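Student: Here is how the chains run, residue by residue.
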Amino acid sequence: MIRKTGFTLLSGLVFGLIGSTLLGYSDAILFFLLLTFVIGFDIILFNLTLASSISEISVIREVSRSYVRKGQFNDILIRFTNNSRRSVDFSYFDTLSSVFKTMGDFEGDLHLDPGQTIERKYSISATAIGKYEVGPIIIYADDPLHLALVTYPALSKDEIKVAPSTSDIFSRRSERVSNLLYTRGLHISRKAGQGYNFYGVREYTENDDFRYVAWSRYGLQNGEDLYIKQMEEERQVNVLFVIDYSESVNQGTPEHLLFDIVTAQVIAMSHGMLKNHDSVGYLLTSSAHDVFLKPERGSKAVDKFERAISEIKPAGTFSIDQTLKKMKDRIKKQAIIFMITPFAYPEEFRMKPDPQLNLGKRINLVIMSRAGFIPEGKDQLEKRLILDSIDRESMAVKGISHFFNSIGIRSLVVNEKNLVPYIMSEYAYGKVTQ
Amino acid sequence: MIRKGIDFRHYALNTGIMFPSIFLLLYVSSQIIKYISIPVIAIFFIIFLVKYLVPRRFRQYIYPLSIIIFLLLLLNTLTLEATSSIFPVLSELSIPLSFPILSSITFSIGLLTVAEGIITPKYIVTISESFGSLILFLELLGIVAVMLTSNPIFQATESGVASYLVQLGIHNPDPFMVAYFTTLSLEGYALYSLLVFGYQFYLPLTVLSTPVDKIMPIMFMVSAVSILISLYIREKRNVPPRLGTIGLAAIASAFVAIPLLLISEVVAPYGFQISILAISVTALLILVAVTSRRVQANETINTPVK
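Protein chains in written order, with the numbering used here: chain A, 1 to 434; chain B, 1001 to 1306.
Read the hints as simulated data drawn from the structure, not as lab findings. Please read all numbers here as calculations on a predicted model, not as lab measurements. Be careful, since some hints might not be right.
What the hints assert, rightly or not - Derived lysine-lysine pairs resembling DSS-like cross-links, with alpha carbons at most 30 Å apart:
1. A/131 <-> A/398
2. A/361 <-> A/378
3. B/1236 <-> A/121
4. A/4 <-> B/1034
5. A/229 <-> A/325
6. B/1051 <-> A/378
7. A/378 <-> A/326
8. A/161 <-> A/294
9. A/333 <-> A/294
10. A/378 <-> A/333
11. A/121 <-> A/101
12. B/1214 <-> A/4
13. B/1236 <-> A/4
14. B/1214 <-> A/378
15. A/229 <-> A/300
16. A/157 <-> A/121
17. A/229 <-> A/294
18. A/398 <-> A/328
19. B/1236 <-> A/101
20. A/328 <-> A/300
Said to hold, decoys possible - Covered by chain A, per the in silico footprint, the following chain B stretches (three or more residues, Cβ under 8 Å):
21. 1042-1055
22. 1096-1110
23. 1116-1130
24. 1133-1145
25. 1185-1194
26. 1283-1292
Heads up, the beta-carbon is just placed ideally off N, CA and C, and yes, glycines get one too.
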């Protein structure tokens, strides 16, 4: 394929040849004629030699792991073999998403003699969760005068699934999990009253059931005082995270993406909730995704969630109406629901009757502010425009939050920093009031 | 910010590419300087200076802005020629449409192209500008050759053109003006005869000789070599492309182009020079297109290795 430069040069030469021939200046004619033929033959020779041999280079890519954690380095080996009968000089690059940091020879120039094999190694580490493609490997070569180019997609794509990094989700180390902020104290689900486990004793009042009198404590202080045994019961609740996984959460820079932060924090909170013997479930929803993981206890729930988010990327649009419909048939038991969305898509829900928005479950609408995920403007004008749009969006989502609070759905606009404290305090409140 | 030093190799190559144009500029300007308007050249030179004195982000607007201003002035002048002006201030802004002014504009464009070609950072722009300026100065060389000739055929044509100019109301045309219109009319006639009869007529630089004829081949050689070097070093690569194919292309083109030129010289008296060259270049371009297509077809047949 002739490059634009080649076309420009050939056009210029033909123009020069016509001009000089019309003037009849033989030296200029020879000059233009010679150059035209040198350029022309250079392209023809390239087309007949290197360009036709390049498709005979076989390329094999070996990816060490197809499932990795964010930030973890994944080694990739590329093996080039020249199956043609000519020596070839070419360049190559592996097509990679912008979420990958690279180290090593993911691109370069090579010289291969006939039958020769050369290996190149490089490592990638993802900066965001999701499923990403690696490849195709493009090999390309040009003629010595850089006027013609041949590109050849030598190898198809591989898929790499990226799960949240252990550092993001505060790992499962006990000291982190038992942190007060994330669990609000262990055994929060205990409730004094009737149950099987002994909790303590208190002074008898007239309304107490006489069957629970602690006779062993009778007359302990003044000879006639009565005490009542208090029992406790363990109460488990179902927590469901409904996460907007539409395009609107695919926002930010490759190192700081909204969906990446939200999912990592949800996983960290889930660990805290599971430690409390509660069940945790997930619904990743948008017009393109509908991944429902029903609430269950144990670390399996989080493992399934990690797998799920490593296999998809945010896509489609989000609608609260559709999301509530999806939830209606799936949640039978009493549950605390946290719906996390930036509310980026316009939706006319004010005209809807309240019962349509009311599932009869405890829904906490967590509206994620996208303010912290907007790249900085290049110049003063762009910065002003971005600030203006952030202000407008902030006002709009605050209005939405007010509306939902007015119809009985607890709602708050949160940012990256207060997402966890808000959800955990609502979770603690939900447990004691349920 | 790291400030790059001046790349003398780049300017040397640019100058090498522009060698024929520079030489022709020097020769032609020495011959026609008394017939052209110096203020016009000064205006063009000022525009060129302004371009490099304004901040970098405004540079690209200088030439388009100058062209727009010139066209507006031209429009105003033509309007004034046709009608009487309503606004007196507009009559002050008319430009004289005389021959020295227009020929000076042509010469200044050539001068500007040469200057731009030498200092431009992109080789491909230099090459394009060298071709453009070369044709322009070859045209002027033809005019100078006609102006200085004592060839009876050309002199007869010149006297015919001069009498025609008198009929148009130009009573004392200078030799440069007569030679200018003579060369243009001969070229026009050559093109007409080529298109209508299949051969061309009276090519000025084929018949007439100039003092620069012996030096020009050296200039062209320097330019051709500079063009090839600049194209080769244009893109830096870790594995430098092999020079073998360039050598092969040069030898092959010499084997084809030189006999072709000799054939075209032989058939020139019969008027088939342009036809021969046109056929050969068209054949070359077809060959380039055909081989390029074959490579594309190969790409689709080959399946990726997994």
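Student: Could you run down the list of hints and mark each one as holding or not?
Tutor: Outcome of the hint check:
Taking the CA atoms of residue 131 of chain A and residue 398 of chain A, the gap is near 33 Å; set against the 30 Å cutoff, the hint is violated. Restraint check for residue 361 of chain A and residue 378 of chain A: not satisfied, since their Cα atoms lie roughly 46 Å apart, outside the 30 Å limit. The suggested pairing of residue 1236 of chain B with residue 121 of chain A holds, with an alpha-carbon distance near 23 Å, which does not exceed 30 Å. A distance of roughly 42 Å separates the Cα atoms of residue 4 of chain A and residue 1034 of chain B; the hinted pair therefore is violated under the 30 Å criterion.
Restraint check: the Cα-Cα separation between residue 229 of chain A and residue 325 of chain A comes to about 46 Å, which exceeds 30 Å; the hinted pair is violated. Straight-line distance between C-alpha atoms of residue 1051 of chain B and residue 378 of chain A comes to about 27 Å, which keeps the hinted pair within the 30 Å bound. Taken as a hint, the residue 378 of chain A and residue 326 of chain A pair is broken in the structure, with Cα atoms around 41 Å apart against an allowance of 30 Å. Taking the CA atoms of residue 161 of chain A and residue 294 of chain A, the gap is near 22 Å; set against the 30 Å cutoff, the hint holds.
Taken as a hint, the residue 333 of chain A and residue 294 of chain A pair is honoured in the structure, with Cα atoms around 11 Å apart against an allowance of 30 Å. The straight-line distance between the Cα atoms of residue 378 of chain A and residue 333 of chain A is roughly 51 Å, outside the 30 Å bound, and the hint therefore fails. At roughly 14 Å between alpha-carbon atoms, residue 121 of chain A and residue 101 of chain A fall within 30 Å of each other, so this suggested pair holds. About 35 Å separates the Cα atoms of residue 1214 of chain B and residue 4 of chain A, which puts this hinted pair outside 30 Å; it is violated.
Using a Cα cut-off of 30 Å, the hinted pair residue 1236 of chain B and residue 4 of chain A holds, with the two alpha carbons roughly 18 Å apart. Taken as a hint, the residue 1214 of chain B and residue 378 of chain A pair is broken in the structure, with Cα atoms around 58 Å apart against an allowance of 30 Å. For the hint linking residue 229 of chain A to residue 300 of chain A, the alpha-carbon distance of about 38 Å lies beyond 30 Å, and the restraint is violated. For the proposed pair residue 157 of chain A and residue 121 of chain A, the alpha carbon gap of about 17 Å is at most 30 Å, so the pair holds.
The hinted pair formed by residue 229 of chain A and residue 294 of chain A fails the criterion: a straight-line CA distance of about 38 Å is larger than 30 Å. The hinted pair formed by residue 398 of chain A and residue 328 of chain A meets the criterion: a straight-line CA distance of about 26 Å does not exceed 30 Å. Straight-line distance between C-alpha atoms of residue 1236 of chain B and residue 101 of chain A comes to about 25 Å, which keeps the hinted pair within the 30 Å bound. Note on residue 328 of chain A and residue 300 of chain A: the hinted pairing holds, with a Cα-Cα distance of about 24 Å set against a maximum of 30 Å.
Note: the region 1042-1055 of chain B has 0 residues with beta-carbon separation from chain A under 8 Å; the three-residue rule is not met and the coverage is violated. With a threshold of 8 Å between beta carbons, the proposed coverage of the region 1096-1110 of chain B by chain A is violated, since 0 of its residues qualify and at least three are required. Counting residues of the region 1116-1130 of chain B whose CB lies closer than 8 Å to any CB of chain A gives 3, so the stated coverage by that chain holds, three being the minimum. Counting residues of the region 1133-1145 of chain B whose C-beta sits closer than 8 Å to any C-beta of chain A gives 6, which meets the bar of three, so the coverage hint holds.
Given a C-beta distance limit of less than 8 Å, the hint that chain A covers the region 1185-1194 of chain B holds, as 3 residues qualify and 3 suffice. Here's how the region 1283-1292 of chain B fares: 6 of its residues keep a CB closer than 8 Å to some CB of chain A, so the rule of at least three is met and the hint holds.
Checked against the numbered hints given earlier, this structure breaks hints 1, 2, 4, 5, 7, 10, 12, 14, 15, 17, 21, 22; the rest are met.
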